[in-house]
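*Asks:* When you get a sec, could you build the whole thing from the sequences and use the hints?
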Amino acid sequence: MRRPPLRARDLAILVALALYALPFFWQLLTSLKPEAELLRLPPLLPSHLTAVHYRAVFEHSSLPRALLNSLGIGVLTTALALVLGLPAAYALARLVTRGRRLVLLAIVACTALPQIATVSPLYLLMRALGLRDTWLALVLAHASFALPLTIWLLTGFVREIPAAIEESASVDGAGMASTFRWVIGPLLAPGIASAALLAFLFSWNEFLFAYTFTATDASRTVPVALALFPGVFEVPWGDIAAASMLASVPTIVIVVGLQRYLVEGLTAGAVKD
Amino acid sequence: MTGLERGRRRRGWLMLTPALSVLALLTLYPGLWVLWLSLRDEVPIFGVSRFTGLRHYAFLFGDARFLAAAWTTAAFTVASVALETVLGVLAAVGIAGLSRGRRLALSFLLLAWAMPAVVTAKIFEWLYHPAAGLVNYVLGGIALNWLGDPRLALPAVILADAWRTMPFVAVLAYARLLGIPPELYEAAQVDGASRLATFTRVTLPLLRPVLMIAVLFRTLDALRAFDIMFVLTGGGPANVTETLTVYAYRALFQMLDFGIGSAIGVIVFGAVMAVAWIYLRMLRLEEA
Numbered sequence: 001m002r003r004p005p006l007r008a009r010d011l012a013i014l015v016a017l018a019l020y021a022l023p024f025f026w027q028l029l030t031s032l033k034p035e036a037e038l039l040r041l042p043p044l045l046p047s048h049l050t051a052v053h054y055r056a057v058f059e060h061s062s063l064p065r066a067l068l069n070s071l072g073i074g075v076l077t078t079a080l081a082l083v084l085g086l087p088a089a090y091a092l093a094r095l096v097t098r099g100r101r102l103v104l105l106a107i108v109a110c111t112a113l114p115q116i117a118t119v120s121p122l123y124l125l126m127r128a129l130g131l132r133d134t135w136l137a138l139v140l141a142h143a144s145f146a147l148p149l150t151i152w153l154l155t156g157f158v159r160e161i162p163a164a165i166e167e168s169a170s171v172d173g174a175g176m177a178s179t180f181r182w183v184i185g186p187l188l189a190p191g192i193a194s195a196a197l198l199a200f201l202f203s204w205n206e207f208l209f210a211y212t213f214t215a216t217d218a219s220r221t222v223p224v225a226l227a228l229f230p231g232v233f234e235v236p237w238g239d240i241a242a243a244s245m246l247a248s249v250p251t252i253v254i255v256v257g258l259q260r261y262l263v264e265g266l267t268a269g270a271v272k273d
Numbered sequence: 274m275t276g277l278e279r280g281r282r283r284r285g286w287l288m289l290t291p292a293l294s295v296l297a298l299l300t301l302y303p304g305l306w307v308l309w310l311s312l313r314d315e316v317p318i319f320g321v322s323r324f325t326g327l328r329h330y331a332f333l334f335g336d337a338r339f340l341a342a343a344w345t346t347a348a349f350t351v352a353s354v355a356l357e358t359v360l361g362v363l364a365a366v367g368i369a370g371l372s373r374g375r376r377l378a379l380s381f382l383l384l385a386w387a388m389p390a391v392v393t394a395k396i397f398e399w400l401y402h403p404a405a406g407l408v409n410y411v412l413g414g415i416a417l418n419w420l421g422d423p424r425l426a427l428p429a430v431i432l433a434d435a436w437r438t439m440p441f442v443a444v445l446a447y448a449r450l451l452g453i454p455p456e457l458y459e460a461a462q463v464d465g466a467s468r469l470a471t472f473t474r475v476t477l478p479l480l481r482p483v484l485m486i487a488v489l490f491r492t493l494d495a496l497r498a499f500d501i502m503f504v505l506t507g508g509g510p511a512n513v514t515e516t517l518t519v520y521a522y523r524a525l526f527q528m529l530d531f532g533i534g535s536a537i538g539v540i541v542f543g544a545v546m547a548v549a550w551i552y553l554r555m556l557r558l559e560e561a
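Protein chains in written order, with my numbering: chain A, 1 to 273; chain B, 274 to 561.
Since the hints were made in silico from the structure, they are not lab data.
Please note that the accuracy of each hint is not assured.
Claimed, not checked - To spell it out: a stretch of chain A is covered by chain B in this simulated footprint if at least three of its residues, at any positions, have a beta carbon under 8 Å from a beta carbon of chain B; those stretches are: (1) 88-101; (2) 111-120; (3) 162-174; (4) 198-208.
The beta-carbon is built from N, C-alpha and C at its ideal position, and this holds for glycine as well.
*Replies:* As structure tokens, then:
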């Protein structure tokens, strides 16, 4: 199929949307500007580009450690949400008939609970369990929104798979585990990708729990490290811009590389039901 | 009921149990505990811990700071949701009208939505810089102190929030637009309908259901918003951007008053439930 030509109207719309993303690109440009030119405007464009702010962030800030913490906490949160959420979603979609609506309603209600309401009891709980300033505290706290999200999305995705496919597999003598492995798994893979992606993204971006349950670099996540970014006498705008870009790396990867799954996950919950 | 069916049901509940237990521990239990905390005097550092009934709620409804925070939350929510809905529909119509480059267009939008709110706050703090910020430069070199002026700070925060959340509305609306059969537009064209008429008579009514859902989600999120104002202005200047969530956080972890802080958290929860309930009622009235 030949691609249609780019019309003037298309170009105008694309330029308008690129301008909408200008704050992001401005921060990118700031992260590459020489220190001496930061507080001068005009000119809009720097005389040359420099990586000095990125070097400063890697050598003199806690951001590298925070990137590791965020990655670990995000991956573990996603894994926990999938391990618990996948069987639950399958059961809700296929096995449990009486009480299904009530359980789904309760799961949606969980997502309506504001973090600001649960932050004080969870803080006391984490303190009582000796979990303050650990990865586990944040994995559990983030599971409080990642798990309901995963169950909700996956229940919808399982229901889209015709039950007849599974029935024919079990007629052929396949057990439940192998039916899942060979029949449902592959059909559900895009849905699992969408759910996992959103769970990871929300964990990576989360701030209130991460700010409250952490105390040192041992567990501080990227948003916390960025919010607490140190400036001794003046605000290091260039370093903050570089740290902002590093904090947005998963965002960029997901939006540019995995956009299909992101949009699928975003619209699945809202458009179909 | 056959034995086979009963077996399936039992297995179903067995598969649900781990997830529901963890969820109960992480949401239901703190949800009930915060209600209990809000009825108590809890100041852990002074070892204060006693039942006080509804006194915190009575105090809050006469507390000028609480009432100001409630007003700020309402203004923030209404302005931000209205702005992002209008812009979101425009963006969706724009993207749906593209013959090429839709993926690129969505990338520009989703970038704003998918990054951490703390990054958004840092980006806008820099954009709003009085001397070197792009906003003042674009406005012709004026020297407005966006985040320091009590009249400008709340609009500045609302703008930053609308920027990062508009893409959510746009993506939902765009997904719906893709499902509208082109024949509808062709029919409107044959009938000689103008572009504006086509938009208001064909596009908007079809978008209505998905927009209602988007507005509900966004309203609930705006009522609970915390990161953007906490990092961008910290509730200042002169508390003009202090929402209920920021007040609750300060009560909890700066004044270390868990009773009052929890009571404000419960009130935010109540507001969220009230909005969801009103919305469901409206939906039911419409269906009837």
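*Asks:* Now, for every hint given, state plainly whether the structure supports it.
*Replies:* These are the hints, each one checked on the structure:
1. 88-101: holds (count 9)
2. 111-120: holds (count 9)
3. 162-174: violated (count 0)
4. 198-208: With 5 residues in contact (Cβ-Cβ under 8 Å with chain B), the coverage given for the region 198-208 of chain A holds.
Of the numbered hints given earlier, the model fails hint 3 alone.
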